[in-house]
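Visitor: Sequence:
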Amino acid sequence: MVSVKKPLTEKEPGKGQASGRCDYDVLFFSAHPDDAEFGAGGTLLLLAKKFKVANIILTRGEAGTYGTPEIREKETGSAARLAGIDFEFLDFRDNFVEDNAENAHMIAHVIRKYRPRIIFAPYHTNSSSHLDGVSHPDHTATGSLVLKAARFAKFKNARLKGEAHAARRIVYFMVPRYTKPSLIIDVSQAASSLKKLWACHKSQVQNLAKGKLEERLLSSRRALGQLAGVSYAEGFLVEEPLRIDEDWLFKI
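Last residue of the sequence shown: 252 in this note's numbering, with the numbers rising by one and none dropped.
Hints are supplied without guarantee of correctness; some may be wrong.
Stated by the list, open to error - Once the Cα atoms are required to be at most 25 Å apart in a straight line, the calculated PhoX-like pairs of lysine-lysine come out as:
(1) K161 <-> K148
(2) K180 <-> K148
(3) K74 <-> K212
(4) K49 <-> K210
(5) K195 <-> K212
(6) K49 <-> K195
(7) K202 <-> K49
Stated by the list, open to error - So the derived label-pair ranges between C-beta atoms look like this:
(8) Q189 <-> R159: 27 to 33 Å
(9) K154 <-> T68: 34 to 40 Å
(10) N207 <-> F155: 42 to 48 Å
(11) K50 <-> F155: 26 to 32 Å
(12) K50 <-> R177: 29 to 35 Å
(13) E215 <-> Y178: 20 to 26 Å
(14) R93 <-> L249: 46 to 52 Å
Just so you know, the hints here were simulated from the structure itself, not pulled from any lab data.
No experiment lies behind these values; they were computed from the predicted model shown.
For glycine and all other residues, C-beta sits at the position ideal for the given N, C-alpha and C.
Build the full structure now, drawing on both the sequences and the hints.
Guide: Here it is as structure tokens:
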């Protein structure tokens with residue numbers, strides 16, 4: 001069911017290997033090959049500079065209009081090398097990602113294998129129009145699966161391979177269009193690298209939104225940046241209260 005990609009960076013020997021203990025700081029879950037890059041690419045780039053990051057992609061986007069599974073897998077590899085992260089494809093079927101217990105346990109196994117501190121996933125609820133790409137059923141199903149899987153991965157007696165693991169937090173990207181994010185991250189310093197990251201997904205960037213996808217992605221980040229008083233920002237949802245100390249009141 002799982003196809004593993006070997007390490008794409010040399011930051012740490014053995015990084016991304018399927019065997020043995022494999023601790024990551026950050027684990028992204030994506031329904032399709034470009035989800036993390038288009039949905040949270042600036043944050044991904046910034047995190048990858050300081051932390052050990054991997055991207056788990058459930059499908060190869062084979063049901064999409066543009067690109068073949070082989071092309072999209074190659075594009076994912078290019079994006080991962082540019083960002084300095086690892087990635088792994090799971091063999092879910094595009095357009096058929098189902099939110100059920102079997103799949104949630106499969107994702108829980110992945111969480112136990114990578115043992116992340118923080119998990120990023122598409123938001124699990126979105127009632128926007130079918131014309132809104134963010135509301136793709138595979139996206140919301142992935143978010144729901146990750147939410148369940150993070151719980152299952154904690155249970156010591158669950159019938160799962162690997163040692164029980166509790167991620168500290170799930171951070172959701174692909175925030176619904178009319179929902180205010182609970183967390184905004186300044187990605188201004190990653191703006192130029194973002195364009196290069198998106199360009200790795202050539203089959204999509206050149207065809208979606210009549211060839212104006214890059215401008216659309218930048219525009220949404222400018223709008224969020226205005227809310228935060230910065231040039232570019234990305235928005236996220238966190239469902240638990242965030243605990244901070246008094247000093248952080250002067251930083252946010």
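Visitor: Now look at each hint and say whether the structure bears it out.
Guide: Results for each hint:
| no. | hint | result |
| --- | --- | --- |
| 1 | K161 <-> K148 | holds (17 Å) |
| 2 | K180 <-> K148 | holds (24 Å) |
| 3 | K74 <-> K212 | holds (22 Å) |
| 4 | K49 <-> K210 | violated (32 Å) |
| 5 | K195 <-> K212 | holds (12 Å) |
| 6 | K49 <-> K195 | holds (17 Å) |
| 7 | K202 <-> K49 | holds (24 Å) |
| 8 | Q189 <-> R159: 27 to 33 Å | violated (45 Å) |
| 9 | K154 <-> T68: 34 to 40 Å | holds (38 Å) |
| 10 | N207 <-> F155: 42 to 48 Å | holds (43 Å) |
| 11 | K50 <-> F155: 26 to 32 Å | holds (31 Å) |
| 12 | K50 <-> R177: 29 to 35 Å | holds (30 Å) |
| 13 | E215 <-> Y178: 20 to 26 Å | holds (21 Å) |
| 14 | R93 <-> L249: 46 to 52 Å | holds (47 Å) |
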